[in-house]
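Undergrad: Top line first, the protein sequences correspond to chains A and B.
Under numbering that gives the first Met the number 0, the first residue of the first sequence carries the number 0, and numbering increases by one thereafter.
Under numbering that gives the first Met the number 0, the first residue of the second sequence carries the number 0, and numbering increases by one thereafter.
Hints in this document: simulated from the structure, not taken from any laboratory.
No residue lacks a Cβ here, since even glycine has one placed at the ideal position from N, Cα and C.
Errors might be hidden in some of the hints.
[Unchecked claim] Calculated cross-link-like contacts (lysine-lysine; reagent style DSBU-like; alpha-carbon spacing at most 30 Å):
id, chain 1, residue 1, chain 2, residue 2
1, B, K228, B, K306
2, B, K116, A, K34
3, A, K41, B, K306
4, A, K150, B, K228
[Unchecked claim] Covered stretches of chain B (chain A as the covering partner; in silico rule of three or more C-beta atoms under 8 Å from a C-beta of chain A):
id, stretch
5, 88 to 98
6, 251 to 257
[Stated by the list, open to error] Where chain B lies over chain A, by a calculated footprint (3+ residues, C-beta under 8 Å):
id, stretch
7, 4 to 11
8, 135 to 141
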Amino acid sequence: MGWVLLILIVVVGLWMVGAYNGLIALKNQTFNAFKQIDVQLKRRHDLIPNLVNAVKGAMDFEKSTLEAVIQARNQAVKVNASGPEAMKQISQAENALSSALSRLMVVVERYPDLKATGNIGQLQEELTSTENKVSFARQLYNDTATQYNTKQQQFPTSLVAGLAKAQPAELWEIEDQAERAVPKVDLTSR
Amino acid sequence: MIGFVVFFAWLGFGGDLIFWLSSRDADPGRYRHVIPWFGLIVTTIAIAVARYAYRTGPQKVLWATGAREVIDPQNDAERQFVNVVDEMAIAAGLPRPRTWVVPDADPNAFATGHDPKDSHVAVTEGLLAICSRDELQAVIGHELGHVKNLDVRLMTTLAALVGAILLMRDGMGRMMRGGGRLGGGGGGGRGGKKGGAGPLIAILLAVWIISWLIAPLVTQLLALAVSRKREYLADAMSAQFTRNPLALASALEKIEHAAAPTAAIKRGAAHLCIADPLGRRLTSQEGWLADRFASHPPMGMRISRLKGMGYAQLKKEGGTPA
Numbered sequence: 000m001g002w003v004l005l006i007l008i009v010v011v012g013l014w015m016v017g018a019y020n021g022l023i024a025l026k027n028q029t030f031n032a033f034k035q036i037d038v039q040l041k042r043r044h045d046l047i048p049n050l051v052n053a054v055k056g057a058m059d060f061e062k063s064t065l066e067a068v069i070q071a072r073n074q075a076v077k078v079n080a081s082g083p084e085a086m087k088q089i090s091q092a093e094n095a096l097s098s099a100l101s102r103l104m105v106v107v108e109r110y111p112d113l114k115a116t117g118n119i120g121q122l123q124e125e126l127t128s129t130e131n132k133v134s135f136a137r138q139l140y141n142d143t144a145t146q147y148n149t150k151q152q153q154f155p156t157s158l159v160a161g162l163a164k165a166q167p168a169e170l171w172e173i174e175d176q177a178e179r180a181v182p183k184v185d186l187t188s189r
Numbered sequence: 000m001i002g003f004v005v006f007f008a009w010l011g012f013g014g015d016l017i018f019w020l021s022s023r024d025a026d027p028g029r030y031r032h033v034i035p036w037f038g039l040i041v042t043t044i045a046i047a048v049a050r051y052a053y054r055t056g057p058q059k060v061l062w063a064t065g066a067r068e069v070i071d072p073q074n075d076a077e078r079q080f081v082n083v084v085d086e087m088a089i090a091a092g093l094p095r096p097r098t099w100v101v102p103d104a105d106p107n108a109f110a111t112g113h114d115p116k117d118s119h120v121a122v123t124e125g126l127l128a129i130c131s132r133d134e135l136q137a138v139i140g141h142e143l144g145h146v147k148n149l150d151v152r153l154m155t156t157l158a159a160l161v162g163a164i165l166l167m168r169d170g171m172g173r174m175m176r177g178g179g180r181l182g183g184g185g186g187g188g189r190g191g192k193k194g195g196a197g198p199l200i201a202i203l204l205a206v207w208i209i210s211w212l213i214a215p216l217v218t219q220l221l222a223l224a225v226s227r228k229r230e231y232l233a234d235a236m237s238a239q240f241t242r243n244p245l246a247l248a249s250a251l252e253k254i255e256h257a258a259a260p261t262a263a264i265k266r267g268a269a270h271l272c273i274a275d276p277l278g279r280r281l282t283s284q285e286g287w288l289a290d291r292f293a294s295h296p297p298m299g300m301r302i303s304r305l306k307g308m309g310y311a312q313l314k315k316e317g318g319t320p321a
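With the sequences and hints as input, model every part of the structure.
TA: Dropping the structure here:
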């Protein structure tokens, strides 16, 4: 009888170690994925001044669009919050920057001359890539965080979640209602 | 890997056993085969080849295809390729692999390396030319899927082994032809000595010779069996990274339509590629034969699975297939 009890305790103990370590690994992966978003955002902030300089000369008439991009960029750089509110603030600023950039891209498309001259094609590729990098970093973070959240809430791993100090990770969402809306396409004019 | 060494141990020690059995009742004073020299030598060679194949596999594969590394991209296509690899590495959560371009007009791509920290992705110039950005992204996603699943280590080692075996078979073929005369001469002298062990020796000898003959085939079958299952998995990983399975479907369609054999990619490395580079007809069929001998699952199956994923996604999002 004592043997059975002993084996049971050993098995449960081994399982707990496994589950605990699994949760810790996922927690660190989630943390790392979050830092990756930061890296990509930083890259984007560094790229924008170059981009604006490249198109500035040819785009005197679109001052407002360019200024919006610069402003959004400076806003995004300034956000240096920490704590539970950090994610919300960062994502708000970054989403504003994303929409300013996409407006700029639309404007560039509108001027075939601008596209034809020199390195705008290259810049466009750079910008597309940067935007993709940011969104893929977010995707990875959301995937990892979802995995982590699911794991810590599922039975029986949920029993160890308290021990591993597992907290549900917040997912990265689109805060800006305007960005979520379906873009209106108007083909009547012109 | 272990199977490879064991197989060669059998080839070597089996030969020793046969030789030992046939020389066991030789006259005292004549040569008796007691120490298994063949086995020791062949097994040592097999271990050395396997080790060598494992360690130099990626360089060998890249060298054999004539790929050149893209460090500082020179034109728009290369810049896009490098960017797309960066993006997909982020999506997969992997360190950035090194990027290579194979100077070949036929569209194809492959990945090689030991582990995610030391991996290489190569595409042909043809692929860069015909694929849109999204399609290229999907293809790279497929290759990084192989990297993330650690397929590359296995497949690269297998590629190097297949190469080594093909070489050895050619060498053996020459030796057998030379050795045939020798064996014929010796057989006459031994004829009278045939004892009770005769049938056993004959059977062993037959099995052993057949083993030698099918050695290249076995290695290749191994490579193929591994490869086909992994292709579906890598397709699914690509869809997970890009969230755009239809892009991979259309890329595969393009690759298939340009089905000229990829001249730069030799037989040994075929199973590394996204599409069978040899342009074999087997790949386009489903069935027993194709199941066993083709290095890739039928393109039609892969495309229809991807489209299935794509339409399921569209349905969930409330859109309609374009």
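Undergrad: Could you run down the list of hints and mark each one as holding or not?
TA: Going down the list of hints, with the structure as the test:
For a cut-off of 30 Å, the pair hint linking B/K228 to B/K306 stands: about 18 Å separates their Cα positions. Between the alpha carbons of B/K116 and A/K34 the distance comes to roughly 19 Å, so the proposed pair stays at or under 30 Å and holds. Taking the CA atoms of A/K41 and B/K306, the gap is near 36 Å; set against the 30 Å cutoff, the hint is violated. The suggested pairing of A/K150 with B/K228 holds, with an alpha-carbon distance near 28 Å, which does not exceed 30 Å.
Closer than 8 Å: that is the beta-carbon criterion, and the stretch 88 to 98 of chain B has 4 residues meeting it against chain A, so the requirement of 3 holds. Coverage of the stretch 251 to 257 of chain B by chain A is violated [criterion: at least 3 residues with CB-CB distance below 8 Å; count 0]. For the stretch 4 to 11 of chain A, the assignment as covered by chain B is violated, since 0 residues bring a beta-carbon within under 8 Å of that chain's beta-carbons and 3 are needed. Only residues whose beta carbon comes within less than 8 Å of a beta carbon in chain B count, and the stretch 135 to 141 of chain A has 4; three or more means the coverage holds.
Against the hints set out earlier in the document, violations occur for numbers 3, 6 and 7.
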